[in-house]
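Colleague: Start from the sequences and build out the full structure, keeping to the hints where you can.
2 protein chains.
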Amino acid sequence: MNQPVRHGAMRARNLALVLGEIAGGGPLTRAALAELTGLTKTTVSSLVADLLSAGLVAQAPAARGGERGRPGVEVRLSGEHVAALGLEVNVDYLAACLVDLTGAVRARRTVRADNRASRPEPVLAALDRLAGETLAGVPSLRVAGAVLAVPGTVGERRVHHAPHLGWRNVETADIAARLSVAPVAVENEANLAALGELEFGAAPRDFLYVSGEIGVGAGLVRDGGLLRGSSGLAGELGHVVVTDGGPACRCGSRGCLEVYAGRGSLPDPASLAADDPRAAAACRRAGRALGLALSSAVNLLDPGTIVLGGCYVPLFPWLAPAVEAVLDERLGALRPAPPALVPAVTGPDAAVLGAAGQVLRRVLADPASLA
Amino acid sequence: MNQPVRHGAMRARNLALVLGEIAGGGPLTRAALAELTGLTKTTVSSLVADLLSAGLVAQAPAARGGERGRPGVEVRLSGEHVAALGLEVNVDYLAACLVDLTGAVRARRTVRADNRASRPEPVLAALDRLAGETLAGVPSLRVAGAVLAVPGTVGERRVHHAPHLGWRNVETADIAARLSVAPVAVENEANLAALGELEFGAAPRDFLYVSGEIGVGAGLVRDGGLLRGSSGLAGELGHVVVTDGGPACRCGSRGCLEVYAGRGSLPDPASLAADDPRAAAACRRAGRALGLALSSAVNLLDPGTIVLGGCYVPLFPWLAPAVEAVLDERLGALRPAPPALVPAVTGPDAAVLGAAGQVLRRVLADPASLA
DNA sequence: TCTATTTAGTCCATAATGTGAACTAAAGGG
DNA sequence: CCCTTTAGTTCACATTATGGACTAAATAGA
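Those protein sequence lines, which keep their order, are chains A and B.
Numbering-wise (the working numbering), the first sequence opens with residue 1 and increments by one.
Numbering-wise (the working numbering), the second sequence opens with residue 1 and increments by one.
There could be a bad hint or two in this list.
Any copy, or any two copies together, can satisfy a pair, since identical chains are not distinguished.
[Unchecked claim] Computed cross-link-like contacts, SDA-like style, restricted to lysine to any residue with a CA-CA straight-line distance of at most 20 Å:
(1) LYS41 / ARG108
(2) LYS41 / ARG6
(3) LYS41 / PRO277
(4) LYS41 / GLU324
(5) LYS41 / ARG278
(6) LYS41 / ARG284
(7) LYS41 / ALA60
(8) LYS41 / ARG250
(9) LYS41 / ARG157
These are calculated hints, taken from the structure and not from any lab test.
Modeller: What follows is the structure, given as structure tokens:
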């Protein structure tokens with residue numbers, strides 16, 4: 001941010017501006033791009049030429065319906081040259097997926113693996129093999145980088161603590177050194193799931209994603225970016241107070257949301273479908289606790305929408321009424337209306353997809369670094 | 001953000017870069033600026049010439065202690081030309097203050113006024129008179145703009161709701177039209193107090209400011225900027241759950257923090273100084289509630305530091321131990337250490353100072369708009 | 001005191017980049 | 001077949017940063 005702006009930086013920004021319009025607004029002619037960006041036709045032509053030679057965009061004559069004038073040439077994102085790798089280490093599986101610039105998933109692999117109380121080295125070796133197999137199927141794409149999703153707290157330079165994996169203070173640089181792609185970034189799984197929902201799901205640009213897994217996490221997406229916190233530990237919704245002095249939580253405290261609404265406290269969706277009244281009651285209890293914690297989160301973060309993901313998705317029809325009742329009750333007078341509550345649509349792939357999406361986002365934001 | 005970058009924008013950024021270094025790093029010579037910014041001496045000289053002719057900086061020969069070589073000319077912020085107006089409408093007073101570019105308070109006025117259940121027009125007329133009087137004492141300064149602090153929720157274009165003033169849906173444009181300065185922006189009082197603490201207090205760049213008044217508000221400052229929420233309603237710490245089903249709160253819900261730790265529930269600092277055990281016990285109760293709410297806030301927002309402001313400042317020695325005890329208890333295992341807890345230093349002026357500071361920040365971020 | 005050295009700041013030719021008007025290209029309409 | 005319309009390119013020009021040469025002003029040492 002505090003870098004001087006030279007001619008190169010000016011061009012880099014304009015390159016990103018044009019590429020961003022192409023990515024956001026479908027295929028566009030140079031003339032339309034000039035109109036949209038405010039740049040001259042001359043400049044747009046020159047920028048598009050750079051994007052073409054970098055392989056980021058492709059062009060084709062525009063399909064048109066009888067308008068007068070010379071037909072334009074439409075420029076669109078090219079899926080044929082650049083792609084991004086999303087990786088995930090989770091408690092009982094490893095996953096990799098390759099997504100091209102257009103957002104199309106070109107290859108995907110998942111293997112079961114018990115990573116409880118594991119050491120990073122063998123897990124990363126297995127992950128690197130999986131990544132290699134994933135790339136092997138689609139050899140012509142240049143991989144612009146990878147992002148790794150881990151279920152734990154991730155700071156600037158290291159994974160602070162991933163309790164279910166038993167990892168503590170694992171340096172990002174060490175992780176990167178054990179993988180055959182570069183560059184590699186590491187990010188919290190719930191955060192990446194939130195971004196996956198943003199880019200591959202139906203979520204608006206501004207929402208709180210709640211990831212219901214063994215633990216409960218949350219990622220706040222604001223204007224397309226994540227709230228990370230001063231040390232990357234923001235969004236620990238699972239340890240928000242529900243009952244002062246309630247049952248003990250594995251974090252050492254008591255009455256946290258995770259105790260009431262973690263996967264361990266939720267019924268099987270099958271028994272709900274079978275109209276088991278005990279399961280429905282358990283869902284209502286969890287929903288009330290989730291509503292209480294979310295009311296605090298809404299007061300503090302003011303998200304426009306709340307997206308329930310992970311294991312909350314199949315339970316959504318039973319969970320949502322209780323959550324909404326508490327939100328209505330607690331958020332009445334102060335704000336116009338409580339945020340909308342919706343289920344996630346990306347499913348268990350959200351985190352890997354979000355991880356790949358982060359790489360794509362970096363490419364779109366700074367195409368000059370590839371050209 | 002999605003604007004094309006032309007030569008003019010390039011220069012504007014570099015102008016801001018140089019001015020930012022001058023503002024942040026005290027008086028600096030052109031050579032030092034070139035070193036710090038990465039720009040060439042030539043460019044720095046040209047940029048400084050623009051800043052000088054805009055009246056934003058002044059220069060004077062450097063005081064030096066026997067080094068060899070030609071002595072440099074030190075460039076520093078000039079307090080003689082540009083200033084900012086901070087304004088505040090609160091429940092029982094109006095305030096205005098004029099701060100020059102160096103951050104020095106050049107004039108300040110406060111008048112008592114009962115603004116409960118008021119209409120905006122007469123209040124703004126009185127505020128405009130107060131602003132006029134404040135400016136009258138210091139006629140040579142050019143006022144670059146004003147920011148108005150109000151105790152309520154503020155969105156992009158309007159004040160949504162200021163319950164204690166009885167204002168609802170008051171348009172920012174209408175407010176601006178009734179004041180004799182321009183441009184005018186409006187912002188929540190707790191948010192501006194947070195920024196006041198940032199710029200005029202001792203807070204780091206990254207903290208949660210808790211404003212204890214009749215209600216309890218909070219402003220999260222991250223990297224020098226504010227977390228506003230999707231509709232400007234973030235930071236409502238006062239209505240975070242402390243006890244599900246606790247005593248009724250004026251927001252219509254129950255067991256909110258405000259019930260336990262609003263000004264109405266806190267003892268008089270004088271009785272604490274007189275060692276009244278009942279007052280100390282009340283403080284401990286409030287502190288425990290504040291600690292519970294803050295533990296949720298820390299889990300969600302991960303601030304590096306928590307600054308207690310407003311009426312919590314005189315109570316800090318009695319309040320802090322209870323708050324810290326709860327934070328230690330609830331945040332133990334997950335993060336390295338709970339955030340530091342410190343009292344605010346700016347006092348009741350925090351909001352007006354922060355308001356003026358916002359104008360200064362805008363000038364520093366975009367000096368080209370004035371030049 | 002004079003000269004070398006060092007550091008600050010300016011001058012000027014050059015390079016990068018966007019602008020805008022003129023121009024060329026390619027379509028449809030009459 | 002020519003006119004009009006729209007797309008895209010060419011070229012002279014403006015703006016701005018660069019970098020080396022130059023000037024300015026101090027101290028150190030002979």
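Colleague: Hints first: check each against the structure and report whether it holds.
Modeller: Now for the hints, and whether the structure bears them out:
| no. | hint | verdict |
| --- | --- | --- |
| 1 | LYS41 / ARG108 | neither (40 Å within a copy, 53 Å between copies) |
| 2 | LYS41 / ARG6 | between (22 Å within a copy, 14 Å between copies) |
| 3 | LYS41 / PRO277 | neither (66 Å within a copy, 77 Å between copies) |
| 4 | LYS41 / GLU324 | neither (51 Å within a copy, 61 Å between copies) |
| 5 | LYS41 / ARG278 | neither (66 Å within a copy, 76 Å between copies) |
| 6 | LYS41 / ARG284 | neither (59 Å within a copy, 68 Å between copies) |
| 7 | LYS41 / ALA60 | within (18 Å within a copy, 47 Å between copies) |
| 8 | LYS41 / ARG250 | neither (61 Å within a copy, 59 Å between copies) |
| 9 | LYS41 / ARG157 | neither (43 Å within a copy, 35 Å between copies) |
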